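Let the sequences and hints guide you as you build the complete structure.
In order, the protein sequence lines correspond to chains A and B.
Here the first sequence is numbered in numbering that gives the first Met the number 0, starting from 0 and rising by one per residue.
Here the second sequence is numbered in numbering that gives the first Met the number 0, starting from 0 and rising by one per residue.
Do not take every clue at face value.
Here are the simulated lysine-lysine pairs, PhoX-like style, with alpha carbons at most 20 Å apart [said to hold, decoys possible]: (1) A:LYS1 <-> B:LYS83; (2) B:LYS73 <-> A:LYS442; (3) B:LYS158 <-> B:LYS114; (4) A:LYS17 <-> B:LYS160; (5) B:LYS160 <-> B:LYS83; (6) A:LYS439 <-> B:LYS74; (7) B:LYS158 <-> B:LYS83; (8) A:LYS362 <-> B:LYS158; (9) A:LYS182 <-> A:LYS237; (10) B:LYS16 <-> B:LYS217; (11) A:LYS1 <-> B:LYS73; (12) A:LYS67 <-> A:LYS269; (13) A:LYS442 <-> B:LYS72; (14) A:LYS101 <-> A:LYS269.
By construction, these hints were calculated from the structure, which means they are not laboratory data.
Predicted model, so just to flag it, every value in this text is computed and none were measured.
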Amino acid sequence: MKRRDIIRRAGRSLRQAKARTLLTSLAIGVGAFTLSVSLAAGEGSRQYADKLISSNVNSQALFVYKDKTLMGEGGFSSGGLKEYSDSTTQYGGLNLKSLTPKDLEVLSNDKDIEKVLPMYLVTAQYFTFEGKSKKYTADISVYDSTVRAEAAVGTLPPLGTQIKDDEIVVPESFLDTLGVKDKKSYVGKEVTLHLVKQKQPTEEEIAQVVKTQGPAALAQLVESEARDVTFRISGVTKNSATSLSASSALFIAENSAKELSDFLTEGTAKYQSYIAATAIVKAGVDPATVKARLAGKGMEARTAKDLQGLLFTIVNLLQGIVAGFGLLALFASIFGIINTQYISVLERTQQIGLMKALGMRSKDVAKLFRYEAAWIGFLGGVIGAATAWGLGTSLNPWITDQLGLGAGNHLLVFLPLPIVALVVGLMVIAVVAGYFPARKAAKLDPIEALRTE
Amino acid sequence: MIEVRDLTKTYGKKNNKFVALDDVSFEIPSGATVAIVGKSGSGKSTLMHAISGLDRPETGEVIIDGEDILKLKKKAVDTFRATKMSFIFQSFFVQANETCYDNVSLPLEIARVPKKDRKRRVTEALEAVELGDKIKSKARNLSGGQKQRLAIARAIVNKPKILFADEPTGNLDSTTGDVIEKLLFDYNKKQGTTLIIVTHDHELAEKCDLRVYIRDGKITEIKRKEAPKHTDKKPLGSSRRTV
Numbered sequence: 000m001k002r003r004d005i006i007r008r009a010g011r012s013l014r015q016a017k018a019r020t021l022l023t024s025l026a027i028g029v030g031a032f033t034l035s036v037s038l039a040a041g042e043g044s045r046q047y048a049d050k051l052i053s054s055n056v057n058s059q060a061l062f063v064y065k066d067k068t069l070m071g072e073g074g075f076s077s078g079g080l081k082e083y084s085d086s087t088t089q090y091g092g093l094n095l096k097s098l099t100p101k102d103l104e105v106l107s108n109d110k111d112i113e114k115v116l117p118m119y120l121v122t123a124q125y126f127t128f129e130g131k132s133k134k135y136t137a138d139i140s141v142y143d144s145t146v147r148a149e150a151a152v153g154t155l156p157p158l159g160t161q162i163k164d165d166e167i168v169v170p171e172s173f174l175d176t177l178g179v180k181d182k183k184s185y186v187g188k189e190v191t192l193h194l195v196k197q198k199q200p201t202e203e204e205i206a207q208v209v210k211t212q213g214p215a216a217l218a219q220l221v222e223s224e225a226r227d228v229t230f231r232i233s234g235v236t237k238n239s240a241t242s243l244s245a246s247s248a249l250f251i252a253e254n255s256a257k258e259l260s261d262f263l264t265e266g267t268a269k270y271q272s273y274i275a276a277t278a279i280v281k282a283g284v285d286p287a288t289v290k291a292r293l294a295g296k297g298m299e300a301r302t303a304k305d306l307q308g309l310l311f312t313i314v315n316l317l318q319g320i321v322a323g324f325g326l327l328a329l330f331a332s333i334f335g336i337i338n339t340q341y342i343s344v345l346e347r348t349q350q351i352g353l354m355k356a357l358g359m360r361s362k363d364v365a366k367l368f369r370y371e372a373a374w375i376g377f378l379g380g381v382i383g384a385a386t387a388w389g390l391g392t393s394l395n396p397w398i399t400d401q402l403g404l405g406a407g408n409h410l411l412v413f414l415p416l417p418i419v420a421l422v423v424g425l426m427v428i429a430v431v432a433g434y435f436p437a438r439k440a441a442k443l444d445p446i447e448a449l450r451t452e
Numbered sequence: 000m001i002e003v004r005d006l007t008k009t010y011g012k013k014n015n016k017f018v019a020l021d022d023v024s025f026e027i028p029s030g031a032t033v034a035i036v037g038k039s040g041s042g043k044s045t046l047m048h049a050i051s052g053l054d055r056p057e058t059g060e061v062i063i064d065g066e067d068i069l070k071l072k073k074k075a076v077d078t079f080r081a082t083k084m085s086f087i088f089q090s091f092f093v094q095a096n097e098t099c100y101d102n103v104s105l106p107l108e109i110a111r112v113p114k115k116d117r118k119r120r121v122t123e124a125l126e127a128v129e130l131g132d133k134i135k136s137k138a139r140n141l142s143g144g145q146k147q148r149l150a151i152a153r154a155i156v157n158k159p160k161i162l163f164a165d166e167p168t169g170n171l172d173s174t175t176g177d178v179i180e181k182l183l184f185d186y187n188k189k190q191g192t193t194l195i196i197v198t199h200d201h202e203l204a205e206k207c208d209l210r211v212y213i214r215d216g217k218i219t220e221i222k223r224k225e226a227p228k229h230t231d232k233k234p235l236g237s238s239r240r241t242v
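Printed below as a string of C-alpha cells:
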C-alpha cells in the first residue's frame, strides 16, 4: 500500500471517531499550549532583554573592573576573608578593589581601545532646580554619547558627541515630578548641585596635626567642604521603557564629572581610583578579544554580550520551568494516545483482519496506526499552538500594560519556526506512543479477527 | 489449476490436540466452481484459509499455477492475495463508516494500483453488482443484500483468479441469496475466475462443478457435476479465461 493512501486512510479513520480523536488531541494540545507559551515567553524576554541592553549599552563597550564581586562572582554578600590591597575602595559598604591610574593608563595605551571612560562617582548631597524651592536627590551620571537617546524637548548632541561642560541633561520624568507644565521653556534653566566633601585624613596626617597644632586643630582637619556647581539644562530625554539610565539620572559632561569626582575624592584613598571603567573598543575589533587580553593584565571585563548572557540565564531558567510543565502535560498525554490507539485496534479488529486477508502487509497495518497517532499529534499540536498564538497575541497588550514593559514590547513573541518544530516534534512523540498499539494491530491474526462466531 | 496435497493442520498441544485438516488432497481445475461442504467445525474454513495462504498447515502443499504458496515468504503470499485472490464473507465485513467507493477501492490501494486507474475500476465493479448509483453512499445505509453486493464488488475489483466465498448467502434471505449466487456464478462464467464456496448449504453446493465434502478434517467424498444442466455451459477445463 502506498504511503499516501495509508495516510489518507489513517486520517479517515480518525474522522470516523471524531470525539475520541478530538479528546485525545486536546490532551496533547494542553502540552503544546504550555510549550508554545514558554517558547513565546522565552523569545519575548530575550527580545526585550536585547532591546534593554542595546538601548543602554554600546555593543563595542567593555565594562572593565578589578573586583570579581562587582559582577556577582563569588556572591555579592560574600563577606569572607579577602586579601588586602592598597587600591581598595569602599563602595556602598563593600570593599572593592579598584582600577588604579596605572590600570587606566594600560587601558588607554591598548591599541584596540578607542577611549576609556572611568566610572566617576559624583554624589551630590542635594540639588535644586531654578524656580523650585525644594531640594532633590538622584544619581548623577556621565552623559553616554555612544547610546542613542531621544530628546523630548531641547537638543541632544549627535551620536558620539559629548554635551558641553556646563550643560546638563535631565530626564523627562524629573520634569514631571517637578510639575513643570511648559517643558519647552524650561530648557536653558539652571540646576545647581550641592556637593559636600568629607575629608578622610590618614592616620599619619592626624598624628602630624595633633603633634604640631594640638587636638583642637583636628576638627578643622575633618571638617567638610561644600561646593555648589551650576549647570544649564540643554536637553530633556524622552521617557523610555527600555532605557534604564535615561529615566533615572542627571547627565553631565565627562570633564565636569571628572572634575567633580576629583574634588570629592581628593585627599582620600578613592582619589583617581575607580571601581570600574568603560572602554570603547575600536570598530571592527571584537570586544571579546580585548577582554581576553585584559584578563592577562589582572583586569576583569564584561562585553555587552556577557551582560546579555546574565539576563538570558534568568530568562532561560524561567522558560525552562514553564517548559517543564508543558513536558509533564505531554508525558501524560502519551498515555492517552496509547490508550486511544489500543481501543481503536480492538474496535477495528475485523477491519484489520479484512485488510490483512486482502493482502495488506503487517508493516503497512502498523504504519496505518502509527500515522493515525501522528495525525493525533499533529492535531493536538496545531490546536495547542494556535490557541496559544491567538490567546497570547490578543492578551499581549494587556500583559505589556500590567508589567509596564512599555509600548511596542511584548512578553509573548511567537515565531513560526519553533512552532512548526514543536508540531513536528509532537507528531514524532505521538508516533512513538503509537508504537505498541500499532504492533498489536500488525500482529493480529486475520483468521481470528474474521471469525464470526 | 490448484493442487492441494497432503494438507494437515492441528490446533493445540498434546492432550488438547485437535486435527482440523487430516491429510487432505484434491485438485481444482482453473475456472471451476467448487463447493467445500461440511458442518460447522468440520475443517472447511481451515481448508479455505490454507488454500488462500492465510493459514499455514504443518505439512502439505498448495500449488497454484505451479507455485507452492505455502513455501512463499509472507510478503510474497500477501502480494499473491492482493493481486490474485479475493474474499467474500458471511458477515460481509464492509466498512460501514466508509463510502462504497472507499470500500471497493481498498484492494486496489493494497495492490498499489495507480490512483488514476482506480476510479474507473471501482465504478466498473460497482456497476457490475448494480450499485453504480451508490458510489458515494455510506455502506451503513445499504441493506444486507446490497452490502453483500458491495462485498462482491470489492472482491472482483482487482480481477482475481480465485474468488473465495465463505457462506456468502448465510446471512441473507433466499431471494437476496439467489441474487448473490447468480452474481457469483455469472462472474465465474464471464471472467473464468475459479470460485471456491465454503458452505453447508447443499442446495448452493449442487450448483457447483465440484463438491468437496469434508468431515472431521477428512475429505469424505468428491462429487463432480454430471451432465451439464445449462446448455450454454462449456465443458470443464476448456480455456474460458478472458482476463
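Discussion item. So, against the hints stated earlier in the document, which numbers end up violated here?
Written reply: Going through the list in order, the structure violates hints 4, 8 and respects the others.
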